[in-house]
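*Asks:* Sequence:
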Amino acid sequence: MAPNIDFLYKYLNNASPTGFEASGQQIWLDYLRPFVDTYFTDHYGSAVGVINPEHPYKVVIEAHADEISWFVNYINSDGYIYVRRNGGSDHMIAPSMRVNIHTDKGIVPGVFGWPAIHVRKDGKEEAPTLDNIFIDVGARTKEEVDEMGIHVGCVITFKDELQELNGKFYSGRALDNRIGGYMIAQVAKKIKESGSKLPFGLYIVNAVQEEIGLRGAEMIASRIKPNIAIITDVCHDTTAPLYSKISSGEQVAGKGPVLTYGAAVHKKLLDLIILTAKKNDIPFQRAAASRSTGTDTDAFAYSNEGVPSALISLPLKYMHTTVETASKEDINNVIELMYKFLTEFDPGFDFRYVV
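Residue 185 in this note's numbering sits at position 84 of the sequence shown, and the numbers go up by one each step.
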């Protein structure tokens, strides 16, 4: 297996729940180190590789490292565990899922149980909710659960791994947004291996805690104080059943990166990225955001005294499930678009709207 693909599987299959991203960040940083001049981390775990660290002009490319998960919230006397969300975890998909409970003693396996179809009333079936989904770890008492090292506050992740579909797609949990961490690492690799000399400092940022409010990006943007920032995240492929193109727009996995218009997205930076895509025959799609993009773009854009920021999104099927699905071709095109933009960008460009 090629080193980058080995890294992809190792990184995607590792658990990095919000607030507990350290192990995934270590995998990412170990892979990135040969391609950068230096690196640093902050107190909450965001990791940054830097090319040309002495240069006063700073460009950020960024993804977020965390994945949605659950917390142990209550353990009843019969040993069943009830949960609360850590990020936007989906209660509807939980029943029958296998989970890993992360404890100080190591990982404890469990399952989200659910009553058998035989005992559910026809036409009056109870839907999964946060009040009724539960985890079974094979214990019969609360004391037995305690002895396993499980306590309130232990974080829980689904036990699913990356796979390929039809040779064209990757499918698994946490593509949102560790696939972004993979892509920005590949951009750094391309810059290193091509011998490209950038006329600015490049900060390759893998931020924590996006899923609970862009918190890692807020912290690291204040520390770096970049001149511009390009964020990569995921957006919805809206062609699968049950999506509404009227409300969500039309974005298609396999038809290229999605470039978003919105208040936080700097129009002049977006235009430069579009120009790069057209010049290099890189396919792209367009989307519109309302009040905010809902991504780390917002945190960077409104940080410091205002940072021209743009968003390059990867169309993703089935977001916040264990089978998030993205096109290999789109992944390569996001990498190529970011790489081409960086190697062609002139830091003397004037981003002021009004002169």
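Do not rely on the hints blindly, as some may be mistaken.
Claimed, not checked - Ranges of calculated distance between the beta carbons of each label pair, as one might list FRET restraints:
1) R387 / T242: 25 to 35 Å
2) P300 / S124: 32 to 42 Å
3) I375 / E227: 15 to 25 Å
4) L266 / S391: 28 to 38 Å
5) S391 / V353: 38 to 48 Å
Stated by the list, open to error - Restricting the straight-line Cα-Cα distance to at most 30 Å, the calculated cross-link-like pairs of lysine-lysine (DSBU-like) are:
6) K368 / K356
7) K291 / K379
8) K356 / K293
9) K291 / K429
10) K260 / K368
11) K356 / K290
Quick caveat, the hints were computed from the structure, so don't treat them as lab data. Only a predicted model underlies this, so the values are computations on that prediction, with no experimental measurement involved. Glycine included, C-beta positions come from ideal geometry on N, C-alpha and C.
*Asks:* None of the hints should be skipped; say for each whether it holds.
*Replies:* Cross-check of the supplied hints:
| no. | hint | in the structure |
| --- | --- | --- |
| 1 | R387 / T242: 25 to 35 Å | violated (56 Å) |
| 2 | P300 / S124: 32 to 42 Å | holds (36 Å) |
| 3 | I375 / E227: 15 to 25 Å | violated (49 Å) |
| 4 | L266 / S391: 28 to 38 Å | holds (32 Å) |
| 5 | S391 / V353: 38 to 48 Å | violated (21 Å) |
| 6 | K368 / K356 | holds (22 Å) |
| 7 | K291 / K379 | holds (20 Å) |
| 8 | K356 / K293 | holds (28 Å) |
| 9 | K291 / K429 | holds (17 Å) |
| 10 | K260 / K368 | violated (41 Å) |
| 11 | K356 / K290 | holds (24 Å) |
Checked against the numbered hints given earlier, this structure breaks hints 1, 3, 5 and 10; the rest are met.
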